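First to last, the protein sequences are chains A and B. Counting in my numbering, the first sequence runs from 1 upward without gaps. Counting in my numbering, the second sequence runs from 626 upward without gaps.
If you're looking for bench data, these hints aren't it; they were derived computationally from the structure. Where hints are given, some of them may not hold.
Said to hold, decoys possible - If we take Cβ atoms under 10 Å as the criterion, some of the chain A residues that face chain B in the derived model are:
id, residue
1, Leu-397
2, Thr-425
3, Leu-432
4, Trp-435
Every value quoted in this text rests on a predicted model; they were computed, and no experiment measured them. Using N, Cα and C, we set each Cβ at its ideal position, and we do this for glycine too.
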Amino acid sequence: MTRFEAIIGNTRIFELILEDFFKGWPGSHDVMPAEDPKVRLFKRHENFAEFCKEIRNTEWGARLCLQCDADHAAEAATKGEPISYICHAGLLDIAVPIIVDGKLVATIFCGQSRSWNETEEQEGQRRIRETERKLGFQPGELRTLREKTPQVSEEQVKDVKSKLWEVATYVSTLGSGKVEAEKAKRELAYRFRESEAIQEVMRGLAEIVDDLDKFWRKLDGALTSICNTIGATYGALITCEKPPGLSKPRAIVRSVANLPSEFIGKTYNSCDPVLLEVLQEMRPKTVKFHAHSGKGTLCHDIFLLCGTQERLAEIALVPLKLDSEREGVMIFSLSSASERDLAYSPSVKHEFNSLTQAGAQIATAYQNCQLYRSRRRLAEVQSLWLENVSHQLLSPLNEILGQAENLSRSFRRWQQDKPERIDNTLEILMGLSHWAARLASNFAWVARAEQYIGALNLQVEDNMVGRLIGYAISVQGTAREWHLLRVRVDRDSVMSLNGKVQIDRKFFNQAVLNLLDNAVKYANARTEVLIHASLSGLWARIHITSYGIPIKADEVEKVFEREYRSEAAKAKYAVGTGIGLTIARDIIRLHGGELSVEPSIEASRGWKTTFTITLPIQEQLEEEN
Amino acid sequence: MEKKILFIDDEPYFVRSLIEALEDEGYKVDQAVNGTQAIEELEESVPDVIILDIIMLTGGRISDTHGGMRTGLRVHEIIRDKMGLKVPIIFVTVVEDPNAHRAIRQLERRHGIETSAILVKPVLPSELLDEVKNLIGAA
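So that you can see chain A by itself, here it is in the shape it has in the complex:
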């Protein structure tokens, strides 16, 4: 059904009205729908003038008549009013356009008469000679027939034009009302379909996956359904992210709809300015993409991949905020604008609202996916850490068991043959027990570090020498056993610290023993670990110097990071939590001090490394002293 028929409803009534109206008119009349210029709704050939029948009987002549009608229908539609003209065969015709909502729906034709106007008549005669020649008639053959066609007056033509225009206007008004109603209906259905599509997007994406690849694949389906809803020919989701070390963001194609799958994963080192612009404004917009955009750009590739013949495409861009580091843009082609029935399409603004909503849903689903992933990763890390922690605690405990069994099994024999083995074993047992206890304290610290803040029980330390010697002794056993190491305290320098600093004994023990533990573990055999001290201004410093594996300049901060272990440390001593130094620094900082290390210096005994504990000197105490 043509749109004209849809508006009129009963075309027979319209035909009867026209018939009645044209009773006094000598020529024929008919209606041509805008959809197909070859169609005549009423096919009133019996009323055709003999002249016209003769011409239309030839194939070429019929074609010329159709072309002439179509051309003048377009001219009348452009002018927006009835026109009269001399047709290709030299007769006077009238075309009256029926325009609904700015669009031509049909043209009423009448005419097949001779003009009253002398000039037009002369032109008519010229054209008939031409037509005779073109169609192969004998000269004068058609002219004779033309002469038989009645002539119409200027008044008759004016009258027909104005009356037909009234009819056309009435049909236009009738049509506009119908179009409005239809438009509203279509828009309602459209909105409904749109919200359906968004719900579909949600349904698909709400099911959380921990794999981002899976997420993007699911998004392909969602984009396709959005494309179908808004009538876009293709869609894509591009993420714009700034990789570390690069100043400009790069664009990566993550998901596509109606585009070749090889497009997915394609990376562009520079984002097209249109993408950056829409991301900056953070609101959707439409832009024109040019087929001749620079090679290697996203726009250019889209044109290539779509195989589109068009030189220009209208694209809707919808920005999304995926997370703090990643933004995205949904791209939908509206290049089929010419195919879309613009008269019925809802406003762009409405489309944008829906697309923005869909974008927000996608961003939420993406964030859920990321959150789920990070939680899983955290659980994995925690479980690995726990495995590592128990492994490390078990090792010294197992060795305590082994040493105890050796002592118990060989005690009597050693009493007689090797009494020193008993002392050695006891020393080892002490060292191992301290070790295990310290590990347990470190783990406890990590688990509940925040509760220690501000909970220190600070007391003036009057016997720093005795305290540091005590620490040295507790690691000496293990040190000697492993590396023939000596742990020495420089009494004179340490003496200067007595009564000058405040410490929480329990936590200070933990910090210094962690440092000594490290020094002993990574020291070279037959070297010395030296504990010495210095005073400078308002600060007291305890230095722990050892010779072993190096700490390089770029590691002086990293070594204090939780779970950081250098490659050299891992190679020298495979087991380690990487938390000892972190905890030591935390504790010293709670004392108002600092723990630092200088890059190692190469020496003949190995790399010389010095860790320095800096503590504030208590001014008040100084004054009292």
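Fit chain B to the supplied structure of chain A, relying on the hints for placement.
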């Protein structure tokens, strides 16, 4: 002749009691703290028995193809598949891991070797001594 044992464990400090007990019994014990060192030791001389820790955090240049720090399993494969050694191995591990145990038994069976002990830590010196004596007799 002196009976030799190669003790492969990445925590030599925590197996001193075991090594001392073996040495007290008259065995000569060599130590390796990672896979690479172990292979180097084995290329020099083949011991009468190997004591191999399954879970080692580092393999030296040997990468852990089994995941979860099971470098010991990779060392086992190299000893049997690449070096073709039939020397008995006592496996030591800190966790009961059926997958690792299965892998060990399958590899041993493929080489026609009956799996020696798989000991789960804590391993007491007396327990290890019994296993060693069972396999190679007294020193």
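Results of checking the hints against the structure:
{"no.": "1", "hint": "Leu-397", "in the structure": "7 Å, holds"}
{"no.": "2", "hint": "Thr-425", "in the structure": "8 Å, holds"}
{"no.": "3", "hint": "Leu-432", "in the structure": "8 Å, holds"}
{"no.": "4", "hint": "Trp-435", "in the structure": "9 Å, holds"}
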